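Trainee: Residue numbers (my numbering), protein chains in the order written: chain V, 1 to 81; chain W, 1 to 138.
Since the hints were derived computationally from the structure, they do not count as laboratory data. This structure is a prediction, so every number in the text was calculated from the model and none was measured. Beta carbons: idealized from backbone N, C-alpha and C, even for Gly. Please note: incorrect hints may appear among the correct ones.
[Unchecked claim] Residues from chain V shown here face chain W by an in silico Cβ test under 8 Å; the list is partial:
1) L6
2) W34
3) P50
4) A54
5) V55
6) V60
7) G61
8) E63
9) A64
10) G81
[As the list claims (entries may be wrong)] Okay, derived cross-link-like pairs now, DSBU-like style, lysine-lysine, Cα gap no bigger than 35 Å in a straight line:
11) W/K56 - V/K17
12) V/K17 - W/K40
13) W/K40 - V/K2
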Amino acid sequence: MKVRLLFFAVLRDIVGKSEADVEVPDGTRALDLWQRLRSQYAPLAAYAQPPMTAVNESYVGPEAALRDGDEVAFIPPVAGG
Amino acid sequence: MSYLTDDTIDTAALVRRLLRRSDGALVVFEGVVRDHSEGKAVESIFYDAYRPMAEKEIGAILDNVRIEWPDVAVDCLHRLGHLVVGETSIAIVCVSPHRAQAFEACRAVIDRIKQTVPIWKKERTPDGEEWVGWQHQC
């Protein structure tokens with residue numbers, strides 16, 4: 001299945017793009033996607049736990065199973081206000 | 001209804017839209033870009049957001065506040081983009097017949113926005129630029 005990853009703030013700087021469509025196996029969880037990013041981008045290697053995660057614009061837990069077409073965003077520490 | 005803007009925030013306009021004849025209290029909170037952060041000089045801040053989600057999250061926060069403080073009318077506007085010292089990054093307006101509810105609701109809105117709304121800031125200092133909060137995550 002295919003999911004769309006969105007990158008914001010520090011993650012966009014690290015990854016070098018604002019979004020990416022990725023092919024993942026059925027049953028992939030948000031956590032699995034984070035581990036994949038960690039293995040691809042050295043600055044993320046130290047972060048074993050994913051930051052807050054949003055699927056289709058709502059927060060989910062790291063164990064949330066993804067579905068085809070989902071829009072996934074890892075949310076670095078927020079700093080609004 | 002949009003809670004995000006790329007332009008200067010007109011707080012007085014928010015107040016005009018909100019204030020009712022039955023209100024006896026008006027509380028405004030503005031967040032302002034300051035010239036220092038954790039001992040470093042700050043020259044400016046860039047605000048970034050996951051816009052559609054930030055709109056939803058702020059909307060949900062305001063909806064909950066309206067339920068918790070039914071006498072209060074509330075609105076909020078957060079600015080994004082490049083802001084310099086002294087500029088307003090967020091304005092929250094709460095009006096109510098009496099002051100206690102307006103103070104409480106206004107405090108709740110800003111505290112909740114800081115916790116969950118996907119907005120980020122990158123501080124520009126004489127040493128370079130840094131996304132706030134990321135380095136402490138480990």
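Trainee: Determine for every hint whether it applies to the structure shown.
Mentor: Okay, the hints, checked on the actual structure:
Contact between V/L6 and chain W, as hinted, is supported at the beta carbon level, the nearest pair being about 7 Å apart and thus within 8 Å. With its C-beta approaching chain W no nearer than about 13 Å, V/W34 sits outside the 8 Å limit, and its interface hint is violated. Nearest Cβ of chain W to the Cβ of V/P50: about 10 Å, over the 8 Å cut. The hint is violated. Here the hint on V/A54 is kept, as its CB sits about 6 Å from the closest CB of chain W, short of 8 Å.
For V/V55, the interface hint is violated, the least distance from its beta-carbon to any beta-carbon of chain W being 10 Å, above 8 Å. For the restraint placing V/V60 at the interface with chain W, the shortest Cβ-Cβ distance is roughly 12 Å, beyond the 8 Å limit, so the hint is violated. Interface restraint check: V/G61 against chain W, minimum CB-CB distance 14 Å, threshold 8 Å, status violated. About 19 Å separates the beta-carbon of V/E63 from the nearest beta-carbon of chain W, more than 8 Å, and the hint is not met.
Because the smallest distance between the Cβ of V/A64 and any Cβ of chain W comes to about 15 Å, over 8 Å, the interface hint for this residue is violated. Interface restraint check: V/G81 against chain W, minimum CB-CB distance 5 Å, threshold 8 Å, status holds. Restraint check: the Cα-Cα separation between W/K56 and V/K17 comes to about 24 Å, which is no more than 35 Å; the hinted pair holds. The hinted pair formed by V/K17 and W/K40 meets the criterion: a straight-line CA distance of about 29 Å does not exceed 35 Å.
Restraint check: the Cα-Cα separation between W/K40 and V/K2 comes to about 43 Å, which exceeds 35 Å; the hinted pair is violated.
Figure legend: structure checked against the earlier numbered hints; hints not met, in rising order: 2, 3, 5, 6, 7, 8, 9, 13.
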